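Chains as they are written, first to last, in my numbering: chain A, 1 to 289; chain B, 290 to 898; chain C, 899 to 1378; chain D, 1379 to 1693.
Don't read these hints as lab results, they were simulated from the structure.
Quantities reported herein were computed from a predicted structural model and do not represent experimental measurements.
Yeah, the Cβ is synthetic: ideal placement off N, Cα and C, and Gly gets one too.
Some hints could be false.
To be verified - Ranges of calculated distance between the beta carbons of each label pair, as one might list FRET restraints:
id	chain 1	residue 1	chain 2	residue 2	range
1	B	I873	D	V1677	46 to 56 angstroms
2	D	P1474	C	E900	36 to 46 angstroms
3	C	R1087	B	L612	48 to 58 angstroms
4	C	A1199	D	F1439	49 to 59 angstroms
Unchecked claim - Residues from chain A that face chain C, not an exhaustive set, calculated with beta carbons under 7 angstroms:
id	residue
5	S59
6	A60
7	E75
8	I76
9	S152
10	I209
11	P237
12	V247
13	F251
14	Q254
15	W257
Claimed, not checked - Here are the computed lysine to aspartate or glutamate pairs in the DMTMM-like style, where the Cα-Cα straight-line distance is at most 25 angstroms:
id	chain 1	residue 1	chain 2	residue 2
16	B	K357	B	E304
17	A	K21	B	E772
18	C	K1073	D	E1546
19	A	K178	B	E318
20	D	K1432	C	D985
21	C	K1042	C	D937
22	A	K63	C	E1180
23	D	K1385	B	E772
24	B	K357	D	E1603
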Amino acid sequence: MTAAETSLALPARSQARVWSKFRRNRSALVGACIVGFFGLLALLAPLLPIADPLATSWSAIRKPPAPEYLMGSDEIGRDILSRMIWGAQASLLAGVISVVIAMLTGVPIGLIAGYFGGWTDTVISRFTDALLAMPFLIMAIALAAFLGPSLSNAMIAIGLSAMPVFIRLTRGQVLSVKTEDYVEGARAVGLGHLDIMRRYILPNVVPPIIVQATLTVATAIIAEASLSFLGLGQQAPAPSWGSMLNVAKNFLGQAPWMAIWPGAAIFLVVIGFNLLGDGLRDALDPREH
Amino acid sequence: MRRGADMTPSVLSVENLTTAFQTGDGWGEVVRNVSFTVKPGETVAIVGESGSGKSVTSLSIMRLLDPKRARVSGRVMLEGTDLLSLPESAMQQIRGNRVAMIFQEPMTSLNPAFTVGRQIGEVLARHTDLGKSQIRAEVLRLMERVRIPNAARRIDEYPHQFSGGMRQRVMIAMALASRPRLLIADEPTTALDVTIQGQILDLIKELQQETGMAVLFITHDMGVVAEIADRTVVMYRGDCVETGSTERIFAQAEHPYTRALLAAVPRLGSMVGQDHPLRFPRVEMDSGRVNALPPVLNPVDRQGTPVLSVRNLTTRFAVGSDLLGRPHGHVHAVENLSFDLWPGETLSLVGESGCGKSTTGRSILRLIEPQSGAIQLDGFDVRDLGGSDLRRMRRSAQMIFQDPFSSLNPRMTVGQTVAEPILKHGIAKGHQARAMAADLLAQVGLSPAMMDRYPHEFSGGQRQRVAIARVLGLGPKLIVADESVSALDVSVKAQVCNLLMDLQERLGIAYLFISHDMAVVERVSHRVAVMYLGEIVEIGPREAVFGNPQHPYTQKLIAAVPIPDPSRRGLRRAMAAEELKNPIRPRGYVAPRRDWQDLGRGHLVMNTA
Amino acid sequence: SELRIGLQDDADVLDPHQSRTFVGRIVYTGLCDKLVDLDKDVKIVPQLATDWTTSDDGLKLVMNLRDGVVFHDGTPLDAEAVVYNIDRAMTLPESRRKSELSSVEKIEATGPLQVTFTLKAPDASLLAQLTDRAGMILSPTAAKASGADFGANPICSGPFKFVERISQDRIVLEKFADYYDADRVKIDRVVYLPIPDTTVRLANLRSGELDMIERVAASDVAGVREDANLTSQESVGLGYMAIYVNIKNGDRAANPVGQDARIRQAFSLAIDREALNQVVFEGTARAGNQPFAPTSPWFNAALPVPARDVEAAKALLAEAGVERVSIELQHANNPVVTQMMQVIQSMVAEAGFDVSLQATEFATLLSEQTAGNFQMSRSDWSGRPDPDGNLHQFVTCEGGINDPKYCNPEVDTLLNEARATSDVAIRKQKYDAAGAILNRDMPIIYLGHQTYVFGMDKGIEGFQAYPDGMIRLKDVTDAD
Amino acid sequence: MLIHIAKRILVALPTLLIVSVLVFSLQKLLPGDPVLALAGEERDPATLAALREKYHLNDPFLMQYLRWLGGVLTGDFGVSLRTGQPVLELIGQKLPVTIQLAFMSMFFALLIGIPTGILAAVKKGTVLDWLANVIALSGLSIPNFWLGIMLILLVSVQLGWLPASGYESPFVDPLRSFQTMLMPSFVLGTGLAATLMRHTRSAMLGVLSADYIRTARAKGLGSREVIMTHAFRNALLPVITLTALLFGELLAGAVLTEQIFTIPGFGKLIVDAVFNRDYAVVQGVVLCTAMGFLLMNLVADVLYVLLNPRMRTAL
Ligand SMILES: Nc1ncnc2c1ncn2[C@@H]1O[C@H](COP(=O)(O)OP(=O)(O)OP(=O)(O)O)[C@@H](O)[C@H]1O
Ligand SMILES: Nc1ncnc2c1ncn2[C@@H]1O[C@H](COP(=O)(O)OP(=O)(O)OP(=O)(O)O)[C@@H](O)[C@H]1O
Ligand SMILES: [Mg+2]
Ligand SMILES: [Mg+2]
């Protein structure tokens, strides 16, 4: 080997590197811990020694935090701690699944629009604009009516209304990646459109999408609350952080703790996801050190 | 005057400069114990290959490295002050004032959001007490001084409205604004065409003579060094391996690396009397011994059918569009081009930036749709092919790009990259494909063990090899090499050229070799076509075009190539500052009829009007 | 002085004949006088009509009108104006008053200030209907000129006249100088501001932005009472809160609860109505089991509000041959109702009901309920001064709002008879009898009665809360 | 430039058409009978029928749509089923409110988002970066209704500084208008600030590593000047496009905020209209917001071109 070639040290294998890079990224680790913590709570909810989240007690309406009710009790005497833990399930699911739906629909469409351009692009772009200009509420109620009320349908509704942003974002990224030499190279060796989109364009447009996705998780968790209010999301009495906050707003003066816990949890999870997203973006990029 | 000035105090004196960067695992030194001095009116060149630490040295002097990520030690004395121990605010008084700097990339080194006048004026506003109108007058004067035509009009234009050469002049004007004692020029001409490079070098020399400033000139081009530098510092992997007067370095270099570097430099005119393309000599790094390699002796049968035959190829790009979507005009990127290319032959396309070389290559492979013309490629009528035929055609003809950094997918391993076309064309499957990929990598001199690495873990030369390996898997008859070696270091450039020639000899591949580097072209080609504004102005056998250039443009091109020989310095002709023309024509423009004069043996020259 | 009143909602079109919202009625209290009014005890008292008599056969109602009344546009009020108005309410295509006046055959001016209603059949509830929008008299001049667009610039004869309306922002009225009873109007200007969020409404009162708010949230009542700067007034409403059970309205009635009255009784027995009142309404509402509140003279004392009895409920279920019953219950998606339903859900669960709650947006709830697309549906009725208004249309076979499609000829007979007589004692007897049957068949499970709580600045005096929840501004003074 | 704008407007027309078709179809998907919602406690079948007839609710879908479209093209947006007001008049009443809210919120969003974004980029990886992120993200994760009510309780009830709710036109009483809008636009703005901050940060990071930044520093400019003029000016471009996009989100967020602060703007109008199935209003308002959204995009596009010499000189 020649001088120029040996000047680069041999790194370890790539997967291991992604992982080690991720681990070295302190804020990503913090993010992973936060998200992991809440994820674990959600998973372990049935096993934890906590009160029944649905059990009401007329003698303990809106009790402030105390040894008996560590986080206090709610408007009909349920244990907020256990509702927080069970609510993590619905809220994390709402946040994650709807973003996944938005990405699974928006990214391919944006990819197609950006990659093929021309009429395909024009039509898709006009539709995207139209969807962006459409109020969320109308879409949500209509979809709810169409699909029937349930948590999973709420996720679909949230996901679909977050979709246009992903279409736009992806399209814009594709337009810039498309002009890279390696894409032309792929065409030159005779790869089909599908291969080029899947292996050349997609992986290179992912980073800003991850950032957008982590931001959308927050909006989705909160949107679930407004949808459950429309009868679309988590159905009472099953808890979700969003709906807990929604109820709490009527007791802000009398029982502030009802709002503080779910509020803090949403905040932490959002921070967690954003840190995680940043870390993931950096770790996935083989070029970043 | 310069020789006698040895006793004068130096403007800049660098002692034991060491720079370390924070990396994943601790601090890594990339520049070690570099020492040199620059005297008033003197030009010192720092040469070395990519990554040898030239830029880091200059940035360390200017203290432009992020202090959190870089640690600089040693002493940098500027007329008696140690720059490394100054507080940042004092350093800001020095930057742009007593020391100015110009950078390699004229395209990206100017802020796209502000007019050039403002950007030049900023230096004056920062370092002088001039008022607004005085600044403007001074900027105008500076622009005229760096020979920007029409300065009064162009002062309010934006960088993107300037060609690369003109932008570099703007950079120089900016650097000269506050009459610095020292100018650091970090590869100021590398990104420019040869003709423009010649103009810029002339300009710097002239200005230096006028002002007596010292110049620290960073380059990897030995021709430029020979032309401009009084003394030369050779860097190798962060170390300064040799320092001395330029004449001595060229005549009797001590360090083997310097000798290797010099040996690898292609010299225009060195092919006189050679019938065949000639491999670059191999240099042994430890001893610096140079072993000449044999020429490429594969036969080219020009009686048989050409592998590629292009007739009247025209490609245009629409510019702008009005309300109805009609373009305002067209870039006539390729206009009425005709040539043939036979198996085992290398035809080089040369010409300045924007003359349509790449567009020609891309049109031939149908990566863009040409307007008109006929292309016969290995029996395919390229312009008529539909989907699946097009894909089959693509096995016969391949392309390698200029920029080794952007031509590989950063998120695919090299193994995947090389194996992919093999899999997609059904040439081999699974393990077999992987084995083939390994074999291909071995063919281009890479270890199969590198298959699981990502492109960024390779050097530029290695990446270019990967790109070659990738297209070889399809067994192409024609490879369009679009500036494939232009971005590489001399030694690596030599290796990659040799590789291409080896493959040609072994596999009979024909190359359409696109390049603006005349010296390399002379070395590797059988025939040469010179393009100017989308048209071929001269085409013929290599020895005819180089030995007996007929078209004025060809002559100018050849004359502009710097010659790596300090003793022949000063033979430069005064060249007028000019911008490259853009082949944009209004809607409805009809290209004039052209005719060519045949000088025999296929040497054709366009008749000038 | 200006009085700023926070309402829970924005009023709809300001045409009494077309409008349908509760807050709209609050605005009319200031804007439009009616033929007759209610007093605090839900007795009918004169307003534009000074006195009235019903013929013995109950088919004629003669009313004498107040003299010297003018509309805000200066038109004098006379018998012709009243005739025009009742005709308009009965015939305008967009009129929402038709069913309230369905018993009226015709109306004639029988004197300059006397009108005579001729009825199709005796209707004891008619007078009570005239205490509300059906009895509001608009300026015929204005109404003729604007037709169905009267609401854009309503002109009546109430103590205040219309100034401006910015929808969802405010409705402004100012004192009508020529009002016949102008001396008792002590306020110069009233601004009604719709502020749906109860917390925000109260915050506005506290910060002094508002002088008075209606429907203080139960959870805030204690706070208002304790606040030295505020006073409150309350009155048990005329309406009720209930759960409707789909008895025969389409396929969805085919479920144990819909089919077996014992199961409905069990459901009712499993509910602790007093606890519900305490938990959800902090004791401000009234527990109830009938369409009339226990405070109403029409309340059937023989059927007291039952205590919760889970064992009895279980026994009834056992008798019906079931152990656990799964049932879907739809309810409006507002927070209080949702809270209430969760409490009920957990109460009846102990007796063996697995209720799945379905929070539904109101417009959907309404149409689902009408269409019979429900098993159980939680809904409120704002109440009418006459008992007929709380019962007849809900439980008679042809009743307009009989969404459970309950049909019992016996009940029909009793309620029709009660409507036909104006003898209070006889009517009470009929309603008690019908109530007993309904309490057994239980197509509607009554839960309780809401209280209207008004909060106001200390400076407001002379305000009285009425069972109909209206804000009557006569005699009200504002100290600031 | 004019041609460019004209082209963009032409492109927006089909979008508006799609929006109108979408809203129309979505409304048809909505459960709940508008007439029932309109009738209230009245259920007289004849009345219901009369209402259906009056509002042409029995016509086939396409007829209804075409009638509506025809009306719109001649400037007639129909009347509100609920209040009887002409839709155009309603829109006219609410539009200034919404515009004021939108711009004041955007102002807050930019005021918070851009400086924190710049700070985070310049101090990447430090505590300040972290802090800026946390501040911006807290705006995103605190629901509007919560922040809104807390502010009302604190600022209006406890401190008595600002009116708790309501709206005043700036032409009538500029000071009070400003006061009433202050809290709602802050609440709305904080929600958008996070997105702006994150994107400003990444745009700045990209720009800060550009060659021309090094050039600027080599000229001896101070870091302030380098960041604020050379870097920010270039980082601004992607942020402009984003800001236009955010107007869409802003209108969505306005729904709850207007509800809390009782501001009679589009958000409240549309919620009430949807809940009351007031189709003509929904239809008109959506069309109008869509136009506003597209207009903002157009403005952003023009600004982008104006601020981007490369594009400006190409026109
Ligand atoms: N900011 C940095 N952080 C870490 N390593 C760096 C940094 N900048 C440069 N290096 C490393 O320092 C070495 C010297 O780089 P430098 O840019 O000085 O090379 P050069 O001689 O100018 O090459 P070229 O001809 O390609 O410009 C290289 O190995 C490079 O990877
Ligand atoms: N996709 C395109 N759209 C519009 N114009 C183009 C396009 N590609 C190339 N051009 C223009 O066509 C002309 C020829 O470009 P081309 O890339 O072929 O030049 P080149 O000789 O390869 O130059 P270089 O040496 O800089 O690579 C140039 O003026 C260029 O600006
Ligand atoms: Mg360099
Ligand atoms: Mg090119």
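Against the structure, the hints:
1. B:I873 with D:V1677: 46 to 56 angstroms: violated (31 angstroms)
2. D:P1474 with C:E900: 36 to 46 angstroms: At 24 angstroms between Cβs, range violated.
3. C:R1087 with B:L612: 48 to 58 angstroms: 56 angstroms Cβ-Cβ, so the 48 to 58 angstroms window holds.
4. C:A1199 with D:F1439: 49 to 59 angstroms: Given a distance of about 56 angstroms, which is inside 49 to 59 angstroms, the answer is holds.
5. S59: Violated: closest Cβ of chain C sits about 10 angstroms from S59 of chain A, beyond 7 angstroms.
6. A60: violated (10 angstroms)
7. E75: Nearest chain C Cβ about 5 angstroms off; hint holds.
8. I76: For I76 of chain A, the interface hint holds, since the closest Cβ of chain C sits about 5 angstroms away, which is under 7 angstroms.
9. S152: violated (15 angstroms)
10. I209: violated (33 angstroms)
11. P237: holds (5 angstroms)
12. V247: holds (6 angstroms)
13. F251: Hint holds; F251 of chain A Cβ to chain C Cβ min 6 angstroms, cut 7 angstroms.
14. Q254: At about 6 angstroms, which falls below the 7 angstroms cut-off, the nearest Cβ of chain C leaves the hint on Q254 of chain A intact, so it holds.
15. W257: The hint is violated - W257 of chain A has no Cβ within 7 angstroms of chain C, the shortest such distance being about 15 angstroms.
16. B:K357 with B:E304: Given pair K357 of chain B, E304 of chain B holds - Cα atoms ~22 angstroms apart, limit 25 angstroms.
17. A:K21 with B:E772: Given pair K21 of chain A, E772 of chain B is violated - Cα atoms ~35 angstroms apart, limit 25 angstroms.
18. C:K1073 with D:E1546: Given that 25 angstroms is the threshold and the Cα spacing comes to 23 angstroms, the pair holds.
19. A:K178 with B:E318: violated (37 angstroms)
20. D:K1432 with C:D985: holds (20 angstroms)
21. C:K1042 with C:D937: violated (32 angstroms)
22. A:K63 with C:E1180: It holds: about 14 angstroms lies between the C-alpha atoms, which stays within 25 angstroms.
23. D:K1385 with B:E772: violated (39 angstroms)
24. B:K357 with D:E1603: Measuring from Cα to Cα gives roughly 20 angstroms; hence the hint holds.
Checked against the numbered hints above, the structure violates hints 1, 2, 5, 6, 9, 10, 15, 17, 19, 21, 23; every other hint is satisfied.
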